[in-house]
Every structure is written in C-alpha cells, then in structure tokens.
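Colleague: Read off the chains here:
2 protein chains.
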Amino acid sequence: MASSSPKIAFLGLGAMGFGMATNLIKLSHPVTGFDVWKPTLERFSAAGGSTATTPRECVRDAPYVVFMVATAAQIMSALFEGPDAAVHELKEGVSLMLCSTGPPEYVPLIQGKLKELGRGDVLVVDAPVSGGTIRAANGTLSIFAAGEEKAVEAAKPILNDMAGSNLWLIPGGLGAGTNVKMVHQVLAGIHIAMTSEAMGFVGKLGLPSKKAFELLKAGEGSSWMFENRTPHLLVEDKTIYSALNIIVKDIGIVTAGGRSAHFPLFLSSTTEQILASGVGAGLGLVDDANLVGVYLPQDPTAILKLASLPEPLAADNAELRLVEKAMAGVHLAAAAEAMCLAAKVGLDAKTMFEIISTAAGASKMFVKKAPLWLSGEWKSGKTVDDVIAELTEAIEEANRLKYPLHLAGTALQLFELASMKGQGKEPDVAIVRIWDGPNGPLYPRESS
Amino acid sequence: MASSSPKIAFLGLGAMGFGMATNLIKLSHPVTGFDVWKPTLERFSAAGGSTATTPRECVRDAPYVVFMVATAAQIMSALFEGPDAAVHELKEGVSLMLCSTGPPEYVPLIQGKLKELGRGDVLVVDAPVSGGTIRAANGTLSIFAAGEEKAVEAAKPILNDMAGSNLWLIPGGLGAGTNVKMVHQVLAGIHIAMTSEAMGFVGKLGLPSKKAFELLKAGEGSSWMFENRTPHLLVEDKTIYSALNIIVKDIGIVTAGGRSAHFPLFLSSTTEQILASGVGAGLGLVDDANLVGVYLPQDPTAILKLASLPEPLAADNAELRLVEKAMAGVHLAAAAEAMCLAAKVGLDAKTMFEIISTAAGASKMFVKKAPLWLSGEWKSGKTVDDVIAELTEAIEEANRLKYPLHLAGTALQLFELASMKGQGKEPDVAIVRIWDGPNGPLYPRESS
Chain L
504 MASSSPKIAF LGLGAMGFGM ATNLIKLSHP VTGFDVWKPT LERFSAAGGS
554 TATTPRECVR DAPYVVFMVA TAAQIMSALF EGPDAAVHEL KEGVSLMLCS
604 TGPPEYVPLI QGKLKELGRG DVLVVDAPVS GGTIRAANGT LSIFAAGEEK
654 AVEAAKPILN DMAGSNLWLI PGGLGAGTNV KMVHQVLAGI HIAMTSEAMG
704 FVGKLGLPSK KAFELLKAGE GSSWMFENRT PHLLVEDKTI YSALNIIVKD
754 IGIVTAGGRS AHFPLFLSST TEQILASGVG AGLGLVDDAN LVGVYLPQDP
804 TAILKLASLP EPLAADNAEL RLVEKAMAGV HLAAAAEAMC LAAKVGLDAK
854 TMFEIISTAA GASKMFVKKA PLWLSGEWKS GKTVDDVIAE LTEAIEEANR
904 LKYPLHLAGT ALQLFELASM KGQGKEPDVA IVRIWDGPNG PLYPRESS
Chain W
504 MASSSPKIAF LGLGAMGFGM ATNLIKLSHP VTGFDVWKPT LERFSAAGGS
554 TATTPRECVR DAPYVVFMVA TAAQIMSALF EGPDAAVHEL KEGVSLMLCS
604 TGPPEYVPLI QGKLKELGRG DVLVVDAPVS GGTIRAANGT LSIFAAGEEK
654 AVEAAKPILN DMAGSNLWLI PGGLGAGTNV KMVHQVLAGI HIAMTSEAMG
704 FVGKLGLPSK KAFELLKAGE GSSWMFENRT PHLLVEDKTI YSALNIIVKD
754 IGIVTAGGRS AHFPLFLSST TEQILASGVG AGLGLVDDAN LVGVYLPQDP
804 TAILKLASLP EPLAADNAEL RLVEKAMAGV HLAAAAEAMC LAAKVGLDAK
854 TMFEIISTAA GASKMFVKKA PLWLSGEWKS GKTVDDVIAE LTEAIEEANR
904 LKYPLHLAGT ALQLFELASM KGQGKEPDVA IVRIWDGPNG PLYPRESS
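So the sequence lines, in the order shown, correspond to chains L and W. Those letters in the first sequence? Residues 504 to 951, per our numbering, in order. Those letters in the second sequence? Residues 504 to 951, per our numbering, in order.
The shape of chain L in the complex, shown without the other chains:
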C-alpha cells in the first residue's frame, strides 16, 4: 500500500487507463483524472477519483503525472498546445510518466521540447505498458521503464503500484522502454493476425472449431494471443477486449521503426497489410479477433457455427496438423524477426527474452527457440528444410482450397531464402542469418 498523500494526475482514461487509474485509487492514492470523453469522467468520479476538465487543471499541484492517452500526438497536444495545456501548470520537479505507446523517437522529443521551454526540471520517464485491461486494473501490468536514473527512481513508487512484480527497468535512456514495447508488438501484432489466419483455416477446413482450438492451444503452434483471442470467436460475444485499431497503431509503429532502422520486417509488414484490410472491411472499432472476417469474407461467423459441431477430432488429425505447422512456422520466423530487431536497436537480448516470454508477445516457439539464439547452441529437432516441408504442406492445402495464408506464405519465403543461402541443413533457428548485415552475425549474443 503506497502513501496516500501525493496527488497523481492521470491523463487518458480509456480501457487501459481507467483500470490503471482506479487501481491507484484502490491503493489509496488521490488521483485526478482527465479525458476528453465526458461520460468516462463521471464513471471515474463514481470510482472515487477527482476529475479535471483540462490537462492544465489536471496536473496542478501533482508531483506525479501519468499519460495513458492513445497516441503520441495526443500527448503532444495535451502537454503543449494552447492555453489549457499541461505544461503551463507542471509542478517543479514533477515526475512525468509516459505510458502510451508511441514511436521510439517521441519520448526524447518531448523531453527536448520541455527543455526548450525552460522545463529541464521535469523528470521524464519512458514507461510503455503491456498486458491488457485485466492486468491494468489489478496493478500487474508489464511496464518497460527507461530514462535518467533520477527520473526512474522518482517514478518508481507509482510504477510499482501499477506493475507489481512486472516492472522492468530498461537501460539505454529515454526511448529504450519504447523500443522494448515496439519489439514486443512485433510479436503481439503477428500473433493476433496469425490467430485469425489459423482459425480461418480451421473454418475453411470445416473442423470443429472449439475442439480444434483446444488441441492447437496444447500444441507447439500456440501463442499467448491465440489462447487469449480465440475464445472470443467461439461464443457469441460483441465485447471489445482490444479494438483492432489499437494493434493497427502499434504495428504501424513497428514498421516505421523498421523503416527508420533500414531493417526488413517481412512478417510485420505482411501483418500491417492484413490489419489494413481489416480496417478497410470496417473492423477497426471491433475486437481484433474479428480480423478473421478478412480471411473468411463470405462467412465471418464460420468459427462460431463450427464451435458446436459435435464431431470428435483427434490430436493427430492431418488437417489440424496443417494448421499447427503453419502457426509454428510463422511463430518461429516471427520470433527471429523480433529478436533480430531487438539486437538491431541495441536492446539486451536476454532481457528481451525474459520480458517477452512472460508477456502477451509469447509463443511456444518463442519460448523454446529464442534461448538457442542467446546461447549459440543451435541444437534443434528440425532443420530449415524441415520447416520448409511443413509450411509447404500447409500452403499446398490452402492453395487447393483457395484460402489465403498471408503470414505462412511470407514465412515460407523467409525459410526458402535461408535455404537458398546455404542454411537448409542447419537447425531451424538459423533463420536469423537472414538479418545478418555486412558487419557479421547478430546472434549468438549473450547480452548486447
């Protein structure tokens, strides 16, 4: 239980922010909330919070300020634009926690602008979060905190109350926390899209979807996202757990990060286009599990209908195994893409492994294979060519059905590229060689 005296200003009371802010109230902090959506303020008041009608009023006298608005642009606006901006009233030496997910360059940009305005005293912390609304509300979010030591120390009491044991202190200064989130979202984004690709394939194959989900969940192709999202498709459920537009924004940050680092991110790019197709089909504001509609445009509720199929399904059913092979192949390539990007932007690979393997970006393949990249002991049950054979099986069946396997198709080309470059007989994790630059291999690396 934290001390109850210092005021916390909390800006951005959306699905995540509302839970985070009310959790702080439960921990006896006096919290003043701000949001542009007025009904939320009423709910927040009912939950025991104070409310403010402008950012400026919200931050008045608060030694702690948390930003949890949707975008970096919204922070810039609330902080700097016009007479109601927060900057006019920021307390001397205030601890400013930037929890929104933005592009890597935005946090240093905000600090720069504060300094320009003579507010070098503000203690900025780059503190993006992950974990979903439930963990937001019970104070166990993963938080990736970075910044000057003094700033991180000042924010720690509040960050601890939001993260519990899931507070990660990321070295590298402002932007490093955002980089961690970015790399994490490579996996989150690909796995969300792959969940739809896989369950759409289940639907196209006409398999009993509930049983298929249970079996796939237990297999090597599973991911945290797959386990988390698929249940939304198996029952009639219009709840928006996480709107498609959120992962659209996040994967946009990933691909922009790839572009600014001149680093190819094939699966992230494929994911971005699938997600854009989802928005184009009118799915931006609904739960991201509905992305399956892009894969089954003529029958988007196929999974729901197949959930009640009474037919038995064996774990070694050949069609089901095709879905699993597609998932495993994509998740292995995704793990490689993410860990190579982590290395490229200078993040510590071991820390990234620890963060991701217990977070929403985890997959069975990631947890199993990523340690091999760190240790350099590339002993794996399969070769690159073995994965090619498995993905090929899945793709040939999908071709026969005229079902699009966007991600599995891209993953296959990546493994083919590795094979063509001479790594066909090497362990499957040699796929990371694709991202080696002229300066030598990215992996193995124990730490950066």
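Hints listed in this document are in silico derivations from the structure and should not be mistaken for laboratory results. It is possible that some hints are incorrect.
You can't tell identical chains apart in this list, so a pair holds if it fits in one copy or across any two.
What the hints assert, rightly or not - Below, simulated DSS-like cross-link-like pairs (lysine-lysine); rule was C-alpha separation at most 30 Å, straight line:
no., residue 1, residue 2
1, Lys541, Lys905
2, Lys752, Lys924
3, Lys847, Lys905
4, Lys659, Lys847
5, Lys741, Lys905
Dock chain W against chain L, hints included.
Modeller: Coordinates of chain W only, in the frame set by chain L:
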C-alpha cells in the same frame, strides 16, 4: 496460308482455344474440336469446324493434335483415362502440341506415360501460349515451343499458323517452354494484382480515376496488364476477359515451381495470397480486374464512380505520384524476381528478356531495367535506397489511410533487405543480389 489437307484435332475450346481453333479454320485447316461444354461445340460447328463428342473420336486420323484445355489434369484425363481417351486412337507419329499452362514437370510426365504405353512414336511438343483472346483469334499468340528437334519441326507449320511471328523456339527440351511460361506468369500475376492495388489506391485517395489511369499509363510505373485491365474498371462492363481463376491457377504453378526449386518468390507468394482472397470473396469466375474488390471491400465500384469526376489532375500531383512510385518499385522487384527465377531454372536470360518485353508480362520497369542485368553495366538513375525512399512515401500515406499495399509492402522489405546487406548505395537493379546463392551471383549473364 497453310495447306488445307491434314486434319487438326483441337481439344479445349474455351475463351483462348475457341479463338485459336477458329483461326486455324480461317487458314483453311480442317479442324475437329472437342470440349466438355456442349454449347461451345454448337458455336464451333457454326464457325466451320467439325466436332467430336469424345477425345478419342476427336483425334482419330489427325496428324496434328492440339491440347488447349484449362489444366494439366484435364490433359491427363482426356489423353489417358477410360475407353474414350485420346490415346487409344492417336495416329502413328502424330504431332501432339500441349498448349495448356501446367507445372514444369507435367510435359515430360506425359511423354513418359506415352512411352510406357508403347507410344514412343508420338511427337510431343511443350507449347504454352500467352497473349489473350484477341491474339488467340488472329493467330498472333506468343508460343514458347520446346521438345525434341524432330517434334518441334513436325509441329512448326501449325504453331506458325497460331503464332505468326511470335513463335519462340526454346532450347532445353520438354518442360523448357513451360518454364518460360512460368517465368512470364510471375510478371503477369504480380502485374494483375498490382493493377488492383494501384487502382484501389487511386480510389482510396479519391483521385479522378480515368485521368489517373491515363497519367499512370504514361509513367514509369505502367505495365501491359495495367494498360489492358484498368479500362475494364472505368466503364460498366461485366465481360469476363480473363477469369480470376485462370491467373490463380497460373500463379499456383509459379509458387509450386519456386517451392520445387527451393527458390524464394516473395512477390509471387504475396500475389498468390491476394488472389486467394479474391476467390474467397467470390471473385473467381469474374474478370480479374475485379480483384480491386479485395482492396476496396466496402466500395468495390469506387473506380467506376471516380471515372466521371470532372476534376483536373496534374501529372505531378503528389498523391498520384505515390501510386506511381508504388507501381514502379513493385515492378522493378517483380522483374528481378522473374529474371532470377529464369536463371535458376536454366533459361537463357537474353531470350527471356526478348520474350517478356514484347508480351503481356512486360512493364516499363522491366523493359528499362532487365537489360542492365544482362549487360552487367549497372548504371541506373536510382539507388536501392532511393527506391526505399519512394516506396516508403507511398506506404506511409497508405498507412495513414489504412489502405493495404500488400505488394508494395513486400517490395519495400526486399529493398530493405538489399540495403541491410550493404547494397543501399548501389544502383536499384542490385536488388537481384538477394537471390544470389552460395555459388555466386546470378547476374550479370549474357546468356546461360
């Protein structure tokens, strides 16, 4: 004008086959047609042809047999299966022209099966065609003929009557003609999909589509397919010039060829998934220009509506230029993918350049850039990093609009890969380096 005496058996009177067969009639050949679709036989009869009700009856006494059915499986069936199969009545020393597009291995397979059955006397020619229904009907199709010299010589009079000056004699034996067609279809397929991606982008940007088409057609991003298909979108036209399912089948042959050669074909794979999405959206049997519906699912007739916009549009309009940059970047990468596959399967690069640059697989970028690969004089106005910058501009605007650029997204990753490997400052055509194997560079090569 050919001699009128020897009978030609023509199996497969679809959109292409009907034109080819009636053209032969016009050239005074006696032609007996067969098709499973009875109304076609009546039309064929009215056009001056004889008709047969079984393959066996069709080929009786014919020294020339042309197969122009839709798939290799249909040839196998008509030639070998059951009591009505053609094989029972093939004339001694018959010239058998296989003009359908099938996978590279199918032609040698057919010859093998004929030999097994004691019909080593049949003169098999691998003779896939390209050029569309108009050129089919006026005898100017591109035909890629390969096989034993004796077989090709025997077929030549008929092939000449179908191809005019567009008959290509491909060295390499049976399968080489099919390989040429396969490589050609890499470009045909990508350009068909890119036509939809580009015109969908025009629609999303809300540009006057007719004027945009005219300007894009004149620019460096144009392709034969773009010029040929786009007009179908600018007027109300339900004609099926080429059903989507045809290019779906052809690109399936391309990606299967890539898999059997263990050769990565990123853009072909992306195209395959886009096309599968089109089939999944119910577009398999309509003209392939309708693929734009996959890009604009909520407004598939946007292009038609925008065609009548009276607004002027400057050639240097910034939004239009984004579309052109996306097209040019994709077409350059597609040209590289096709020419590298050609080299990989042992085709002569110079011949491939000559064939493609005058055929339906041509693009402005192909015609401009492919000669540089042959000559090795890689002087180009742009670097790899320049193309990255152009594709990035297009993709960032598409991201903003949540419009999917499947092909441009994939192309960008390919250029990023080249840049990451150290080729960023090299001429843009250095993109081919991606496909170099451990045995050294694929290009430059004057001839294979």
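Colleague: Now look at each hint and say whether the structure bears it out.
Modeller: Hint by hint, here is what the structure shows:
| no. | hint | result |
| --- | --- | --- |
| 1 | Lys541 to Lys905 | between (47 Å within a copy, 28 Å between copies) |
| 2 | Lys752 to Lys924 | between (34 Å within a copy, 29 Å between copies) |
| 3 | Lys847 to Lys905 | between (37 Å within a copy, 27 Å between copies) |
| 4 | Lys659 to Lys847 | within (28 Å within a copy, 58 Å between copies) |
| 5 | Lys741 to Lys905 | both (29 Å within a copy, 23 Å between copies) |
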